[in-house]
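J.: Below are the chains, spelled out letter by letter.
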Amino acid sequence: NAGVTQTPKFQVLKTGQSMTLQCAQDMNHNSMYWYRQDPGMGLRLIYYSASEGTTDKGEVPNGYNVSRLNKREFSLRLESAAPSQTSVYFCASREDSPGQPQHFGDGTRLSIL
Amino acid sequence: AQSVTQPDIHITVSEGASLELRCNYSYGATPYLFWYVQSPGQGLQLLLKYFSGDTLVQGIKGFEAEFKRSQSSFNLRKPSVHWSDAAEYFCAVGARAAGNKLTFGGGTRVLVKP
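Keeping their order, the protein sequence lines are chains H and A.
Sequential numbering from -10 applies to the first sequence in the working numbering.
Sequential numbering from 3 applies to the second sequence in the working numbering.
Rather than coming from a laboratory, the hints here were simulated on the basis of the structure.
Any given hint might turn out to be false.
Said to hold, decoys possible - The calculated lysine to aspartate or glutamate pairs, modelled on EDC-like cross-linking and capped at a C-alpha distance of 16 Å, are:
1) A:K115 to H:E68
2) H:K60 to H:D85
3) H:K(-2) to H:D95
4) H:K3 to H:D85
5) A:K70 to A:D56
6) A:K70 to A:D87
7) A:K70 to H:E48
8) A:K103 to H:E68
9) A:K70 to A:E17
10) A:K63 to A:E17
11) H:K60 to H:E84
12) A:K51 to H:E68
13) A:K115 to A:E17
14) A:K70 to A:E90
15) A:K103 to H:D95
Stated by the list, open to error - Facing chain H, from chain A, some residues (calculated, C-beta under 7 Å):
16) P42
17) L46
18) K51
19) F53
20) G55
21) G61
22) F65
23) R98
24) K103
25) F106
26) G108
Said to hold, decoys possible - Cβ-to-Cβ under 7 Å is the rule here; a few derived chain A residues that face chain H:
27) Y27
28) Y29
29) L48
30) A88
31) A89
32) F92
33) G109
Values in this document were obtained by computation on a predicted structure and should not be read as measured data.
Glycine included, each C-beta is placed from N, C-alpha and C at the ideal position.
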């Protein structure tokens, strides 16, 4: 019953460092998503992938890149971390049928000093 | 473009009292609507969803929500709150025409007094 697994759970970076956040799902979902959560702003979509081999920008893509490595895995990369990217990052996946909900991982808490 | 408003940032309720969380959305067509709950340090758990059909939907943990098209609202209710309901609640709207992407409200934090 793993669902959506995110690693690491916590990370502290210095400004300018790079990092990749990992996400894997075992539900055979085509669609996967990366969000960031900031106080009072709900979740905002960074990037999403409707299927293996495709990715699209969301609401706040600047400063991030993504890779849909295979159907299971969708990674988020910060090439040069900035303090404004301090946030909690969530990965989600969903089944393609209409109205299906997204299933979320437990998040990665990232602090950039 | 889709948008979701949760007017109440914080709500404090006594244990055993009823709870209603408000959600208003903006979208031209009929959207999919969801309520998620987030306990501290955890991810988001789906409480319930509306896709089509009966406008009163039942969810887990004794929650229900009513879709009112005329008011563009999808308010969440629980008749009797338990201490374990203290959490943050998020309303979200999605639509097939928008690529099934979700737009989230800012969240409502619920505190439960003993």
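J.: If a hint holds in the structure, say so; if it does not, say that too.
T.: Now for the hints, and whether the structure bears them out:
{"no.": "1", "hint": "A:K115 to H:E68", "in the structure": "violated, 45 Å"}
{"no.": "2", "hint": "H:K60 to H:D85", "in the structure": "holds, 13 Å"}
{"no.": "3", "hint": "H:K(-2) to H:D95", "in the structure": "holds, 8 Å"}
{"no.": "4", "hint": "H:K3 to H:D85", "in the structure": "violated, 38 Å"}
{"no.": "5", "hint": "A:K70 to A:D56", "in the structure": "holds, 11 Å"}
{"no.": "6", "hint": "A:K70 to A:D87", "in the structure": "violated, 24 Å"}
{"no.": "7", "hint": "A:K70 to H:E48", "in the structure": "violated, 27 Å"}
{"no.": "8", "hint": "A:K103 to H:E68", "in the structure": "violated, 25 Å"}
{"no.": "9", "hint": "A:K70 to A:E17", "in the structure": "violated, 28 Å"}
{"no.": "10", "hint": "A:K63 to A:E17", "in the structure": "holds, 15 Å"}
{"no.": "11", "hint": "H:K60 to H:E84", "in the structure": "holds, 12 Å"}
{"no.": "12", "hint": "A:K51 to H:E68", "in the structure": "violated, 37 Å"}
{"no.": "13", "hint": "A:K115 to A:E17", "in the structure": "holds, 6 Å"}
{"no.": "14", "hint": "A:K70 to A:E90", "in the structure": "violated, 23 Å"}
{"no.": "15", "hint": "A:K103 to H:D95", "in the structure": "violated, 19 Å"}
{"no.": "16", "hint": "P42", "in the structure": "violated, 11 Å"}
{"no.": "17", "hint": "L46", "in the structure": "holds, 4 Å"}
{"no.": "18", "hint": "K51", "in the structure": "holds, 5 Å"}
{"no.": "19", "hint": "F53", "in the structure": "holds, 3 Å"}
{"no.": "20", "hint": "G55", "in the structure": "violated, 10 Å"}
{"no.": "21", "hint": "G61", "in the structure": "violated, 11 Å"}
{"no.": "22", "hint": "F65", "in the structure": "violated, 14 Å"}
{"no.": "23", "hint": "R98", "in the structure": "holds, 6 Å"}
{"no.": "24", "hint": "K103", "in the structure": "holds, 6 Å"}
{"no.": "25", "hint": "F106", "in the structure": "holds, 4 Å"}
{"no.": "26", "hint": "G108", "in the structure": "holds, 5 Å"}
{"no.": "27", "hint": "Y27", "in the structure": "violated, 13 Å"}
{"no.": "28", "hint": "Y29", "in the structure": "violated, 14 Å"}
{"no.": "29", "hint": "L48", "in the structure": "holds, 5 Å"}
{"no.": "30", "hint": "A88", "in the structure": "violated, 17 Å"}
{"no.": "31", "hint": "A89", "in the structure": "violated, 14 Å"}
{"no.": "32", "hint": "F92", "in the structure": "holds, 6 Å"}
{"no.": "33", "hint": "G109", "in the structure": "holds, 5 Å"}
Going through the hint list in order, the structure does not satisfy hints 1, 4, 6, 7, 8, 9, 12, 14, 15, 16, 20, 21, 22, 27, 28, 30 and 31.
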